[in-house]
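Asker: Here's the letter readout for the chains.
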Amino acid sequence: MSDGPGALDGVRRRWDAAATRVFGNDPLLVAAVMLGIYVLFTAMTLVGPSGGDLGAIVSNLQAVTFWTALYAMMALALNLHWGYTGLFNIGVAGFMAVGVYAFAALTVPPSASPPGLGLPLVVGIAGGMLAAAFVGVLTALPALRLRADYLAIVTVALSEIIRRSLLSPELEEFTLFSNLGFVPDVTLGSGAGRGINMPTNPSIPVKSVLYTDPGNPAAGGRTVVGKAVLGAAESAGVRETVVSQFAYTLVLVAVVVLFYWLLVRVGNSPFGRVLKAIREDELVANSLGKDTRVFKIKVFALGCALMGLGGILWEAQRGFTDASVTTFRPLQTFYIFVALIIGGAGSNTGSVLGGALFAGLLFQGPLFVRRIVAHLLNLGDPPSTFVGAAAGLFSLELGGFLAYTVNNISELRFVFLGLVLIYLMQRRPTGLLGHRKEAAASVDLMERPGGESDE
Amino acid sequence: MSDDATAARAAAADAAADANADETGDVDARTGGPALEVEDLRKSFAGLVAVDGATFSVEQGSLTGLIGPNGAGKSTTFNCITGVHDVDGGTVRFFGEDVTGLRTNRVAERGLVRTFQIARELEEMTVLENLMLAPGDQRGETLAQAVLPGFRDAVRDRERALREEVWETLELFEIDHLADEQAGNLSGGQRKLLELSRALLTDPDMLLLDEPFAGVNPTLEEKLLDRIHALQRERGLTFLLVEHDMDLIMNHCEHVIVMHQGQVLAEGPPEAVRDDEQVIDAYLGEEI
Chain U
2 MSDGPGALDG VRRRWDAAAT RVFGNDPLLV AAVMLGIYVL FTAMTLVGPS
52 GGDLGAIVSN LQAVTFWTAL YAMMALALNL HWGYTGLFNI GVAGFMAVGV
102 YAFAALTVPP SASPPGLGLP LVVGIAGGML AAAFVGVLTA LPALRLRADY
152 LAIVTVALSE IIRRSLLSPE LEEFTLFSNL GFVPDVTLGS GAGRGINMPT
202 NPSIPVKSVL YTDPGNPAAG GRTVVGKAVL GAAESAGVRE TVVSQFAYTL
252 VLVAVVVLFY WLLVRVGNSP FGRVLKAIRE DELVANSLGK DTRVFKIKVF
302 ALGCALMGLG GILWEAQRGF TDASVTTFRP LQTFYIFVAL IIGGAGSNTG
352 SVLGGALFAG LLFQGPLFVR RIVAHLLNLG DPPSTFVGAA AGLFSLELGG
402 FLAYTVNNIS ELRFVFLGLV LIYLMQRRPT GLLGHRKEAA ASVDLMERPG
452 GESDE
Chain P
327 MSDDATAARA AAADAAADAN ADETGDVDAR TGGPALEVED LRKSFAGLVA
377 VDGATFSVEQ GSLTGLIGPN GAGKSTTFNC ITGVHDVDGG TVRFFGEDVT
427 GLRTNRVAER GLVRTFQIAR ELEEMTVLEN LMLAPGDQRG ETLAQAVLPG
477 FRDAVRDRER ALREEVWETL ELFEIDHLAD EQAGNLSGGQ RKLLELSRAL
527 LTDPDMLLLD EPFAGVNPTL EEKLLDRIHA LQRERGLTFL LVEHDMDLIM
577 NHCEHVIVMH QGQVLAEGPP EAVRDDEQVI DAYLGEEI
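Heads up: the protein sequence lines correspond to chains U and P, in order. For the first sequence, position 67 matches number 68 in my numbering, and the numbering has no gaps at all. For the second sequence, position 215 matches number 541 in my numbering, and the numbering has no gaps at all.
Isolated chain U, as found in the complex:
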């Protein structure tokens, strides 16, 4: 007991030193958080219904990485608008939809229904990004001249207009240039309620590494790589679809790294310095001779292009979409905001962390809890109403209430989200890393000229 405090101090010192190393280093910090989430999900799989099945563990880790990458990507794009420049864009889902539908219009074969132009994948992705940027600029031009709140109203309205328009039968299939003799007719369509098939999509190149016929893996054979990887996976008990999804997830992770690199570079430049100044006080930037409107339009276009790309990687890879999916709803924008708020607006590393924590703990985690509780405890049939569940509380019959809670955990996530947001607003309004101390120059400004340390 007597040497207890000394030993504890030693442990604490070592712990502090390790913590400083990890938390002071952004990639290490992200890796540490991802590792924590992986351990948690592995543990949850082990105690859940699938038990120690390796295939189930790999599948679950794949899923949580997939969602983390998607939310990290979108949070990064939003961070450019909101975190860096203070542009309150709450129409993220709309710009994702523009990206996906422009991609579809460009890549879907003319023979399909609804038809497209049948262009290659790369053209589709570039076109989708350009279309999202273009719609972004159209939105921004009138709204950016006004106060920040108006941009918020305009963007959220626009995202709903886009979504409802894509669902409208009027746009299900339409022909352009039908009255112009010198231009061939072009028939396009959103597919409205029946959706749109995208045989050319971002998952195809990934699958083509594994399969000779990536459009229909079951029909064709496997490539050399496919034979090796899929063979190994199967002997380990990992399902074939999990492998190709895992490969696609790796692509997503690479894109997250690319987004991160791009945004850090934008931030650490004179351009980024003006963005920061616009966020802090636009009039000051104006008074120093900066044409802030040009900066705002450029950054809005860039962010929207990234959102369009995010949408394509998120939604088009399924090979099918319709505009009624959650991906294009305002709820999606809200989720992305939650991820960014948790991580800390203004911080790129925070955006990635926020994506991981949101996707892992708030979005996917609770669903695991439901499965685990249902597996471990025999709670019987849950009461069908809240009144029925609450009635049990008075007679100290907690089983019914617990069963009801677990059964509705999918909806209760919203309550949980709200609690997390309230807590953050009260205790840590800047999020985890939103200290706003990212450098805003391409060189180390603290390097004093004349000193020996100068280059």
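Think of the hints as simulated: they come from the structure by calculation, not from any bench. Incorrect hints may appear among the rest.
Listed next, the in silico SDA-like pairs over lysine to any residue satisfying Cα-Cα at most 20 Å (straight line) [said to hold, decoys possible]:
1) P:K549 / P:E560
2) U:K438 / P:G510
3) P:K549 / P:R561
4) U:K208 / U:V226
5) U:K208 / U:V326
6) U:K228 / U:V254
7) U:K438 / P:D506
8) U:K228 / U:V256
9) U:K208 / U:G222
10) U:K438 / P:D502
11) P:K549 / P:M576
12) P:K549 / P:S388
13) U:K438 / U:L29
14) U:K438 / P:K549
15) U:K208 / U:A64
16) P:K549 / P:L498
17) U:K208 / U:R223
18) U:K208 / U:T242
19) U:K438 / U:T350
20) P:K549 / P:G514
21) U:K438 / P:E450
22) P:K549 / P:D571
23) U:K438 / P:E449
24) U:K438 / P:Q508
25) U:K438 / P:L504
26) U:K208 / U:V252
27) U:K438 / P:A505
DEER-style ranges, computed between Cβ atoms [to be verified]:
28) P:D463 / U:N26: 33 to 41 Å
29) U:A158 / P:G422: 44 to 52 Å
30) P:R429 / U:D323: 39 to 47 Å
From the three backbone atoms N, C-alpha and C, an ideal C-beta is built for every residue, glycine too.
Position chain P relative to chain U; hints supplied.
Answerer: Same frame as chain U, now just chain P:
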């Protein structure tokens, strides 16, 4: 005190004028005529008339004081000149060019730069970043040059050069120990210094300073005024200064404009203005 100081300063100004004439630097590029001419400027806010036909001009290379009681329309005049407010009437000419109604950034680009009465530092940027923002025409302020690898080296070279200039300014204003501090953590006086140094880094031809010394300690204030006089001499900079400290105005300004109820009540050399009956009634009171 004032007579000696004025005489000494006048002698210094004469010497500076001679030096200027010898040098024929870029100072002479805009010889002749006043730097700023404001004619019949009008601005009202929902019925409240803030500026009511103000007319005045500021001589090139001068340090001109703009004084007047609270609510006289001094800050509104600044805001109208720099395009922060749309004017209701009148014209503003800067070195002969009509700049009325130009956007704030266009006015600043032409070399007419202002500071704010209540310091507007960029809170969540460091002092260094605040200053690095100021210089105009920076490489890397276009998105392509900021991002594309081919331009990056040139951008960094320019930033290193600017960094040197910024550190010199920091030392001059005695805020170099605050270089890495978030500007939001600065004291009131330090914020004023930050504003003034930031405005100077834009390399302006004329500065509109709205109470630049509020909260600045007297020793540093003297030093900054020396610096302002040096800039007048060496670079031919023109200053228009809103200030309530009458001693400062009397000792340092060559010309004083008095505003009252949105109009120019009197203007002229400090001594003449000080003795003007109307000015005494409206602003100075009887003791002076």
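Asker: Taking the numbered hints from earlier one at a time, note which ones the structure violates and give those numbers from smallest to largest.
Answerer: 5, 6, 8, 14
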